[in-house]
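There are 2 protein chains.
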Amino acid sequence: MQIGVNLSFCVKRWVTPQLWAPIVRETLDLDLVQFSFDLIDPMWPDDLLAELAEELRSTAKQHGLAIHSAFIGLAHYTYNQLLHPNPRVRDAAEAWLRRAYRFARLAGVERVGGPLGAIASRVDGEEAESIAEVDYHDLVARLIRLSAAAKAESLSELYVEPTPLRREWPWTIAQAQRLSADLAGAEVPWKYCLDWGHATFEPLYGRYRAGMSPWFKALGDSVGMAHLQQTDFQFDRHWDFTETGGVDPAAAAAAQREAGLADRPVFLEVFYPFERDDASVLSAMRRSIAQIKPVFA
Amino acid sequence: MQIGVNLSFCVKRWVTPQLWAPIVRETLDLDLVQFSFDLIDPMWPDDLLAELAEELRSTAKQHGLAIHSAFIGLAHYTYNQLLHPNPRVRDAAEAWLRRAYRFARLAGVERVGGPLGAIASRVDGEEAESIAEVDYHDLVARLIRLSAAAKAESLSELYVEPTPLRREWPWTIAQAQRLSADLAGAEVPWKYCLDWGHATFEPLYGRYRAGMSPWFKALGDSVGMAHLQQTDFQFDRHWDFTETGGVDPAAAAAAQREAGLADRPVFLEVFYPFERDDASVLSAMRRSIAQIKPVFA
Numbered sequence: 022m023q024i025g026v027n028l029s030f031c032v033k034r035w036v037t038p039q040l041w042a043p044i045v046r047e048t049l050d051l052d053l054v055q056f057s058f059d060l061i062d063p064m065w066p067d068d069l070l071a072e073l074a075e076e077l078r079s080t081a082k083q084h085g086l087a088i089h090s091a092f093i094g095l096a097h098y099t100y101n102q103l104l105h106p107n108p109r110v111r112d113a114a115e116a117w118l119r120r121a122y123r124f125a126r127l128a129g130v131e132r133v134g135g136p137l138g139a140i141a142s143r144v145d146g147e148e149a150e151s152i153a154e155v156d157y158h159d160l161v162a163r164l165i166r167l168s169a170a171a172k173a174e175s176l177s178e179l180y181v182e183p184t185p186l187r188r189e190w191p192w193t194i195a196q197a198q199r200l201s202a203d204l205a206g207a208e209v210p211w212k213y214c215l216d217w218g219h220a221t222f223e224p225l226y227g228r229y230r231a232g233m234s235p236w237f238k239a240l241g242d243s244v245g246m247a248h249l250q251q252t253d254f255q256f257d258r259h260w261d262f263t264e265t266g267g268v269d270p271a272a273a274a275a276a277q278r279e280a281g282l283a284d285r286p287v288f289l290e291v292f293y294p295f296e297r298d299d300a301s302v303l304s305a306m307r308r309s310i311a312q313i314k315p316v317f318a
Numbered sequence: 022m023q024i025g026v027n028l029s030f031c032v033k034r035w036v037t038p039q040l041w042a043p044i045v046r047e048t049l050d051l052d053l054v055q056f057s058f059d060l061i062d063p064m065w066p067d068d069l070l071a072e073l074a075e076e077l078r079s080t081a082k083q084h085g086l087a088i089h090s091a092f093i094g095l096a097h098y099t100y101n102q103l104l105h106p107n108p109r110v111r112d113a114a115e116a117w118l119r120r121a122y123r124f125a126r127l128a129g130v131e132r133v134g135g136p137l138g139a140i141a142s143r144v145d146g147e148e149a150e151s152i153a154e155v156d157y158h159d160l161v162a163r164l165i166r167l168s169a170a171a172k173a174e175s176l177s178e179l180y181v182e183p184t185p186l187r188r189e190w191p192w193t194i195a196q197a198q199r200l201s202a203d204l205a206g207a208e209v210p211w212k213y214c215l216d217w218g219h220a221t222f223e224p225l226y227g228r229y230r231a232g233m234s235p236w237f238k239a240l241g242d243s244v245g246m247a248h249l250q251q252t253d254f255q256f257d258r259h260w261d262f263t264e265t266g267g268v269d270p271a272a273a274a275a276a277q278r279e280a281g282l283a284d285r286p287v288f289l290e291v292f293y294p295f296e297r298d299d300a301s302v303l304s305a306m307r308r309s310i311a312q313i314k315p316v317f318a
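Line by line, the protein sequences give chains A and B. Residue numbering for the first sequence follows my numbering, beginning at 22 and increasing consecutively. Residue numbering for the second sequence follows my numbering, beginning at 22 and increasing consecutively.
Among the clues, some could well be false.
Put simply, identical chains are the same to the list, so a pair is met inside one copy or across any two.
[Said to hold, decoys possible] Using 25 Å as the maximum straight-line C-alpha spacing, the simulated SDA-like pairs for lysine to any residue come out as follows:
id, residue 1, residue 2
1, LYS238, PHE256
2, LYS82, GLY146
3, LYS314, ASP145
Don't read these hints as lab results, they were simulated from the structure.
Based on the provided sequences and hints, a complete structural model is requested.
The structure is reproduced here in structure tokens:
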């Protein structure tokens, strides 16, 4: 299996390719990267983005790194994106993604993905079981349009990352299957990025229904990749593997292989508090990769 | 003392004034708000921002809420802002702030602030004691320019929020004093927003030097407000006061009064995991405000 790293650990630290490329290649001994839009905001000016895309492309090549995909990070996920209650804010999120696709093409990155968005909460704190049908249909129409936009930028694959929130979509396997069916005719295929801290979130799914294997098996060919993290199943922790949690890397690799998904890449995606010192982050990343790489490779 | 709430607890949940205004006014029984740019990105289109600013202004008025200020949130803080290694990215961050000032003016909000930025980390993980002089002088020049931009938008006050990171500025009292002196001639005054989870961060300051009172006393008139949170002093937690930590609200209020800063407002600023359920967030917020309001008011 291909194992790579999402640049989430570099956010606000090793923010240029000249900084993160040697860390990924030499310190972590990896050659597969998932770029994070926490390092570059697609809303920055066009000419700056063009310069940064070229820098990303050439520095990755120089260090022998393949950039598999570019993913939405913490910054953009903070907003409600394509499901904001105001349709004009949804339009702004759609425009953001078009700019993200364009940046990816300029950087030579063929695949883009992330979570789709969240409806608003209610004033009384009650949560509906899922988003309304009218919001779902609007979302599907936007994803179809976005797929055409991705085609125009020569992208090869787009990803939806399911998140464990009733206000987002999809958060159940059935919702994911329905969305896949509704996106079947998209010009650039929409696949899933499944995360070991999302499908396993017990407060939402319950202790006995939480788990990654059912998602792998039910979604099968629709699965494009997995995000790996350590977590306690009580929150979406995005810890590294120096932390104690419920994800056993060997069992995670076995679950993916058993579902017939050994050809889908896996990316470690971990976040550190901004105030944690750099040396301990590098040390923890090195020890995490040393632990999981032999299991997945 | 005036006690209010930063809308950080509303991020990705109660994202429109129609949703958060009744929660602040009725559920929390507060009338003072600090708006968060995690709810509205100043990079959204001009006409949309104008519409959202008008909605913010009129809904706040209708609910009897004063919007004291608008602050940078998690989304923008994720980037390196005014200290990014690439000067053109710094320019983009400066442009972002100009748009934030414009939005504030349109919404009738007179004050804007937040952390300033972070230099990049080194590949070897070593951390310099502080940013380079050349970066500091560039930062000061940008803050002077931004003050002029704020004047053009009729703002009355700007804020720097010190953060406990060597790669940001200022992280020591001496740095903050130097910056205040260098910004003394600014057209709109730059003041400090001090945070109970920043000045108290023991891994950086050491157990016996960490603390808020020295900052209050040394910076005096330069202090514009305080951010309140519960924390364990080991990370910048931004917990609410249903959590167990080291901040005693009564002692916090006393420290601010003793420093002669009883006329500076205090804002509770807490963040919840996106996946936590809405009802428990509302309940925890209500209990937190009930605990701290009598102490500060």
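Okay, the hints, checked on the actual structure:
1. LYS238 / PHE256: within (24 Å within a copy, 39 Å between copies)
2. LYS82 / GLY146: Between. Shortest inter-copy distance 24 Å satisfies the 25 Å Cα cut-off; intra-copy 49 Å does not.
3. LYS314 / ASP145: For LYS314 and ASP145, the Cα distance is within 25 Å only across copies (22 Å; inside one copy 46 Å).
The earlier numbered hints are all upheld by this structure, with none contradicted.
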